[in-house]
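S.K.: This is what each chain is made of:
Protein chains: 2
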Amino acid sequence: MKIKVNGEILEQIDFEKGNGLVPVVVQDETTKDVLMVAYANRDAIDKTIETGYAHYYSRSRNKLWKKGETSGNLQRVKKILLDCDGDTVIYIVEQNGVACHTGRWSCFFRTVATEE
Amino acid sequence: MKIKVNGEILEQIDFEKGNGLVPVVVQDETTKDVLMVAYANRDAIDKTIETGYAHYYSRSRNKLWKKGETSGNLQRVKKILLDCDGDTVIYIVEQNGVACHTGRWSCFFRTVATEE
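Residue numbers (our numbering), protein chains in the order written: chain A, 1131 to 1246; chain L, 1131 to 1246.
Keep in mind that the hints are not guaranteed to be accurate.
Derived pair list, reagent style BS3-like, types lysine-lysine, alpha-carbon separation capped at 30 Å [stated by the list, open to error]: (1) L:Lys1209 to A:Lys1162; (2) L:Lys1208 to L:Lys1147; (3) A:Lys1162 to L:Lys1196; (4) A:Lys1134 to A:Lys1177; (5) L:Lys1132 to A:Lys1162; (6) L:Lys1162 to L:Lys1147; (7) A:Lys1147 to A:Lys1208; (8) L:Lys1209 to L:Lys1132; (9) A:Lys1147 to L:Lys1177; (10) A:Lys1162 to A:Lys1147; (11) A:Lys1147 to L:Lys1209; (12) A:Lys1162 to L:Lys1208; (13) L:Lys1208 to A:Lys1177; (14) L:Lys1208 to A:Lys1208; (15) L:Lys1196 to A:Lys1147; (16) L:Lys1147 to A:Lys1147; (17) L:Lys1208 to L:Lys1177; (18) L:Lys1132 to L:Lys1162; (19) L:Lys1134 to L:Lys1196; (20) L:Lys1147 to A:Lys1162; (21) L:Lys1147 to L:Lys1134; (22) A:Lys1196 to A:Lys1162; (23) L:Lys1162 to A:Lys1132; (24) L:Lys1134 to L:Lys1162; (25) L:Lys1134 to A:Lys1209; (26) L:Lys1209 to A:Lys1209.
Facing chain L, according to a computed beta carbon distance under 8 Å, are these residues of chain A, among others [unchecked claim]: (27) Val1135; (28) Ser1188; (29) Lys1208; (30) Lys1209; (31) Leu1211; (32) Cys1214; (33) Thr1232; (34) Thr1241.
Quick caveat, the hints were computed from the structure, so don't treat them as lab data.
Cβ atoms here follow ideal geometry from the backbone N, Cα and C, with glycine treated the same way.
When you get a sec, could you build the whole thing from the sequences and use the hints?
M.R.: Spelled out as structure tokens, the structure:
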């Protein structure tokens, strides 16, 4: 697997605002569903680029985390996008299995409100 | 405009983890594009439900913010979703005009990396 990096944009990721972390919105390439939101530090971004598989930083366990390492629900990363002010990224992924630890496809399975 | 609320789910939004704020992923209803990520406190969620238009909390200006109030780029909210651990929400919106202050449709217009 090969990932082509734009080094200039990579350096524009603003990790400082979030004390070394940026939120990562994870979107399925095919369905465009938002699957989950996690956090990454620079090391997690580097490991994602290096391996082609989504890595995050666990805020509860305080360590680098490869998604699906134990469950097998790996996320192959097709694209990484950065927003206008550089403090949020999107991983566009090919999701293996499901994204949510509850066994659901997406973590966003609860509805707070709907337009009638 | 009428919004139907699930009060039980509303109370499950965990504002404490983020010191009173949750990240909000904003997704266009039709294209499913992720348009932006902003933050909301309970007041912003309440105002969104009350008016049917997306409200956020500005971390830089420290105040409630109605998206598009000056630009006219309002976001009509069709659905609010909550993730499994309750610390992130999605607003599914009908975007009026563009979402990004740069004039672009989405804030995520920069590519960090692409699979080759």
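S.K.: Determine for every hint whether it applies to the structure shown.
M.R.: A quick look at each hint next to the structure:
1. L:Lys1209 to A:Lys1162: 16 Å, holds
2. L:Lys1208 to L:Lys1147: 26 Å, holds
3. A:Lys1162 to L:Lys1196: 26 Å, holds
4. A:Lys1134 to A:Lys1177: Holds. Lysine 1134 of chain A to lysine 1177 of chain A sits at ~14 Å (cutoff 30 Å).
5. L:Lys1132 to A:Lys1162: Distance ~27 Å between lysine 1132 of chain L and lysine 1162 of chain A Cα, so the pair holds.
6. L:Lys1162 to L:Lys1147: Roughly 28 Å between the alpha carbons, so the hint for lysine 1162 of chain L and lysine 1147 of chain L holds.
7. A:Lys1147 to A:Lys1208: 26 Å, holds
8. L:Lys1209 to L:Lys1132: Roughly 11 Å between the alpha carbons, so the hint for lysine 1209 of chain L and lysine 1132 of chain L holds.
9. A:Lys1147 to L:Lys1177: 27 Å, holds
10. A:Lys1162 to A:Lys1147: 28 Å, holds
11. A:Lys1147 to L:Lys1209: 29 Å, holds
12. A:Lys1162 to L:Lys1208: 17 Å, holds
13. L:Lys1208 to A:Lys1177: 37 Å, violated
14. L:Lys1208 to A:Lys1208: 29 Å, holds
15. L:Lys1196 to A:Lys1147: The given pair, whose Cα atoms are some 23 Å apart, holds under the 30 Å limit.
16. L:Lys1147 to A:Lys1147: 17 Å, holds
17. L:Lys1208 to L:Lys1177: Holds, because 14 Å separates the two Cα atoms, which is no more than 30 Å.
18. L:Lys1132 to L:Lys1162: 22 Å, holds
19. L:Lys1134 to L:Lys1196: 20 Å, holds
20. L:Lys1147 to A:Lys1162: Holds - the C-alpha atoms of lysine 1162 of chain A and lysine 1147 of chain L are around 27 Å apart, at most 30 Å.
21. L:Lys1147 to L:Lys1134: 26 Å, holds
22. A:Lys1196 to A:Lys1162: 22 Å, holds
23. L:Lys1162 to A:Lys1132: 27 Å, holds
24. L:Lys1134 to L:Lys1162: 22 Å, holds
25. L:Lys1134 to A:Lys1209: It is violated: about 36 Å lies between the C-alpha atoms, which goes past 30 Å.
26. L:Lys1209 to A:Lys1209: Roughly 27 Å separates the two Cα atoms, so the pair holds.
27. Val1135: Status holds, d = 5 Å.
28. Ser1188: At about 12 Å, which exceeds the 8 Å cut-off, the nearest Cβ of chain L leaves the hint on serine 1188 of chain A violated.
29. Lys1208: Because about 5 Å separates lysine 1208 of chain A from the closest Cβ in chain L, which is inside the 8 Å limit, the hint holds.
30. Lys1209: 5 Å, holds
31. Leu1211: 4 Å, holds
32. Cys1214: Cβ of cysteine 1214 of chain A sits 4 Å from chain L, so the hint holds.
33. Thr1232: Constraint on threonine 1232 of chain A satisfied, holds at 6 Å.
34. Thr1241: Status holds, d = 6 Å.
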